[in-house]
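Given chain A's structure and the hints, the job is docking chains B, C, D, E and F onto it.
6 protein chains.
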Amino acid sequence: MSTDRYQKGMDKLKELTIPDENSPTGHMEVGESFKDIAPDLTRLVVEFAFGDVYARPGLDNKQKVLTTISALVAQGTPQIGMHVVTGLNVGLTPDEIAGCLVHLIPYVGFPRVLTAMKVAQEVFAEQGVAITAKPESGESSAG
Amino acid sequence: MSTDRYQKGMDKLKELTIPDENSPTGHMEVGESFKDIAPDLTRLVVEFAFGDVYARPGLDNKQKVLTTISALVAQGTPQIGMHVVTGLNVGLTPDEIAGCLVHLIPYVGFPRVLTAMKVAQEVFAEQGVAITAKPESGESSAG
Amino acid sequence: MSTDRYQKGMDKLKELTIPDENSPTGHMEVGESFKDIAPDLTRLVVEFAFGDVYARPGLDNKQKVLTTISALVAQGTPQIGMHVVTGLNVGLTPDEIAGCLVHLIPYVGFPRVLTAMKVAQEVFAEQGVAITAKPESGESSAG
Amino acid sequence: MSTDRYQKGMDKLKELTIPDENSPTGHMEVGESFKDIAPDLTRLVVEFAFGDVYARPGLDNKQKVLTTISALVAQGTPQIGMHVVTGLNVGLTPDEIAGCLVHLIPYVGFPRVLTAMKVAQEVFAEQGVAITAKPESGESSAG
Amino acid sequence: MSTDRYQKGMDKLKELTIPDENSPTGHMEVGESFKDIAPDLTRLVVEFAFGDVYARPGLDNKQKVLTTISALVAQGTPQIGMHVVTGLNVGLTPDEIAGCLVHLIPYVGFPRVLTAMKVAQEVFAEQGVAITAKPESGESSAG
Amino acid sequence: MSTDRYQKGMDKLKELTIPDENSPTGHMEVGESFKDIAPDLTRLVVEFAFGDVYARPGLDNKQKVLTTISALVAQGTPQIGMHVVTGLNVGLTPDEIAGCLVHLIPYVGFPRVLTAMKVAQEVFAEQGVAITAKPESGESSAG
Chain A
1 MSTDRYQKGM DKLKELTIPD ENSPTGHMEV GESFKDIAPD LTRLVVEFAF
51 GDVYARPGLD NKQKVLTTIS ALVAQGTPQI GMHVVTGLNV GLTPDEIAGC
101 LVHLIPYVGF PRVLTAMKVA QEVFAEQGVA ITAKPESGES SAG
Chain B
1 MSTDRYQKGM DKLKELTIPD ENSPTGHMEV GESFKDIAPD LTRLVVEFAF
51 GDVYARPGLD NKQKVLTTIS ALVAQGTPQI GMHVVTGLNV GLTPDEIAGC
101 LVHLIPYVGF PRVLTAMKVA QEVFAEQGVA ITAKPESGES SAG
Chain C
1 MSTDRYQKGM DKLKELTIPD ENSPTGHMEV GESFKDIAPD LTRLVVEFAF
51 GDVYARPGLD NKQKVLTTIS ALVAQGTPQI GMHVVTGLNV GLTPDEIAGC
101 LVHLIPYVGF PRVLTAMKVA QEVFAEQGVA ITAKPESGES SAG
Chain D
1 MSTDRYQKGM DKLKELTIPD ENSPTGHMEV GESFKDIAPD LTRLVVEFAF
51 GDVYARPGLD NKQKVLTTIS ALVAQGTPQI GMHVVTGLNV GLTPDEIAGC
101 LVHLIPYVGF PRVLTAMKVA QEVFAEQGVA ITAKPESGES SAG
Chain E
1 MSTDRYQKGM DKLKELTIPD ENSPTGHMEV GESFKDIAPD LTRLVVEFAF
51 GDVYARPGLD NKQKVLTTIS ALVAQGTPQI GMHVVTGLNV GLTPDEIAGC
101 LVHLIPYVGF PRVLTAMKVA QEVFAEQGVA ITAKPESGES SAG
Chain F
1 MSTDRYQKGM DKLKELTIPD ENSPTGHMEV GESFKDIAPD LTRLVVEFAF
51 GDVYARPGLD NKQKVLTTIS ALVAQGTPQI GMHVVTGLNV GLTPDEIAGC
101 LVHLIPYVGF PRVLTAMKVA QEVFAEQGVA ITAKPESGES SAG
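Chains as they are written, first to last, in UniProt numbering: chain A, 1 to 143; chain B, 1 to 143; chain C, 1 to 143; chain D, 1 to 143; chain E, 1 to 143; chain F, 1 to 143.
Next comes chain A alone, as it looks inside the complex (with noise of 0.2 Å):
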């Protein structure tokens, strides 16, 4: 039988999402709003994306998170927002986000990261969360 991949999906959309009124099950939301123009678009989306690639074995899901929101970034996509949440959900750091943004720039350049920037600002204030480590912001250069 094959409840078998849409199981996976939704186990592994559990995993991702903290269910509160804080954390938009966003992945899940995206299938079922658009039913009307595709009705199979949830089953791709649960099944493909979640129970076949998502839940597969190799990264772990911070990385993925990471994996995601670096492609997302680099295609010029700013809807990184749900993945943000996701990444602080699975035990990415705001360090860590913010640091996968800054790792961006001599890739794809600043204008690209600046516009991610200001998703994953706005996403830690609804959250609540901050940055604690402080990479020097004042010193100049050289010593």
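No incorrect hints appear here.
Since the list gives no way to pick one copy over another, a pair counts as held whenever it fits inside one copy or between any two copies.
Distance condition first, Cα-Cα at most 20 Å in a straight line; then the derived SDA-like pairs of lysine to any residue:
(1) Lys62 to Val119
(2) Lys35 to Asp95
(3) Lys62 to Ile18
(4) Lys14 to Leu88
Please keep in mind that the hints were generated in silico from the structure rather than gathered at the bench.
Okay, now just chains B, C, D, E and F, sitting in the frame of chain A:
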């Protein structure tokens, strides 16, 4: 004085590369090979890309390599070979690297991932490494 | 003389648009709205984009609209609304338009398709049309 | 059990390919060639890309190939050879394929289209096909 | 010591901006607005983007702004407003800026250029400037 | 009659190319090499790309070449060789061309610029030209 950033960059490069004839010190060579057209390129690469960004706290080296690979695959830029080698050098397993590429499929599509997979495959062969886990290959989706 | 290309373009535009208050003659308006910054833009759009390219034999109008929509979705450019309207005008069904978007998922990834789906959804609502076929929604992948 | 999706995908692949030595069964081979790095890739390609998406009702095969080609050209991904062959296999004429590429010029610019044209040209030569219609070549833009 | 690069960057920023209430000192503000998520961002922007790159000999300021605008339009990134203002500040005329955008059409397609044109149009209005030359608007292509 | 645009395009092409065996008349050849697949391509290139756009007032030739190169690098399209030759033909110095590429780093990232630098390097070698200015190469960032 400011050999500070330059040294920071060089130290980071040493962390990332294992000098032997199979491991190209690709990152450093990149700057050097363009001396005749942009003499300052090596400095920009070593000081900014490595001294300021790659050496920045926040993410560990393995997370940084995954971030880099993801961004390049998303851009359709197949020059990930050097970064796959770096990934192996800093402790990513072939399974983690392959897992990163498969994870990108729902975000960037199959064609870009397949281009990258070919490169990773060649690097694994050159480096004499292979994946260990075996996600079910022939199993159908149920039963 | 050469009203030839301009006329060809205008004739094509008439084919593509159904003038009523629900159908924006978006294509023409695009040029006109930039008269103050590039007075020749309307001419370039009408003569080249429509007279030379859109009026060219080879593909029929429905195939041309699908080509256009696919290119824009792949680029992450969400301004497909005007082209969804054009598609309906030339005889594409909502099922064909939705089918085009779902077909793009394996090639460009889910995020870009979902951005486009939102736009198509809004246009269908404005135009009072809906898909008819119902790909199995709740069915799991086997049995 | 679920050989359902896998079978659907295989059936679709048979529709799309004409097995003879000139027609690469490229789509299937793609998965197989990466067995050593991602054993599940063939299954993902056959079941999702072909079983779920390519076999989906909505667009006919010719429209699907045009959609695919357009997306790849827009991405600057020149691996359209396999899809040009598929297009010919399902009944697109060389004129329709060339028409699709020219139609993309106003949306993605000349460079990406020219890269694709070179590939299409090579496939037409290998397949021994040619366009039939002759859009006016030497005619200037006015009478 | 190295206030060298930081000072170089600040000096360049002064060259590029005309401080009055209509000219956002956008470049500097960008770093500052992300202090809470990446305290080192301002330093990276001022020292690398402006001190190392923007202050580099080779191109003059007007050529540099055209290069920047072209890259952003090609990426589909519409945040060119700040750079259009900078362009006017360093002596590019509205005609040159509009000319740059039209010149991009054959390379990136109409949609990306039109998105950028809207932004440039708004900036020209805010800044109270306008193009002077009038490329023939209504003239057909011959005669 | 309208040999007007065609002639305008041909005149522009003559301005941009220096006919000798080292300077490919690449722009014209591009259209001609696709006669068998799109007989109208030469006309579209000469009349639209060169007659309407490249011949348009607003930017001078040097600014136009920089705009073109920037757009192609940003797109990750490495076919800039022809445009580097054109740039040298219209009076851009190797320093200006190299300066354009370095200037792009903060906007598109290092990988795309390095791909382009390799091409420019090859063209400079073929054309027997070299940069003259020497941005400080070995100097560290301070003192």
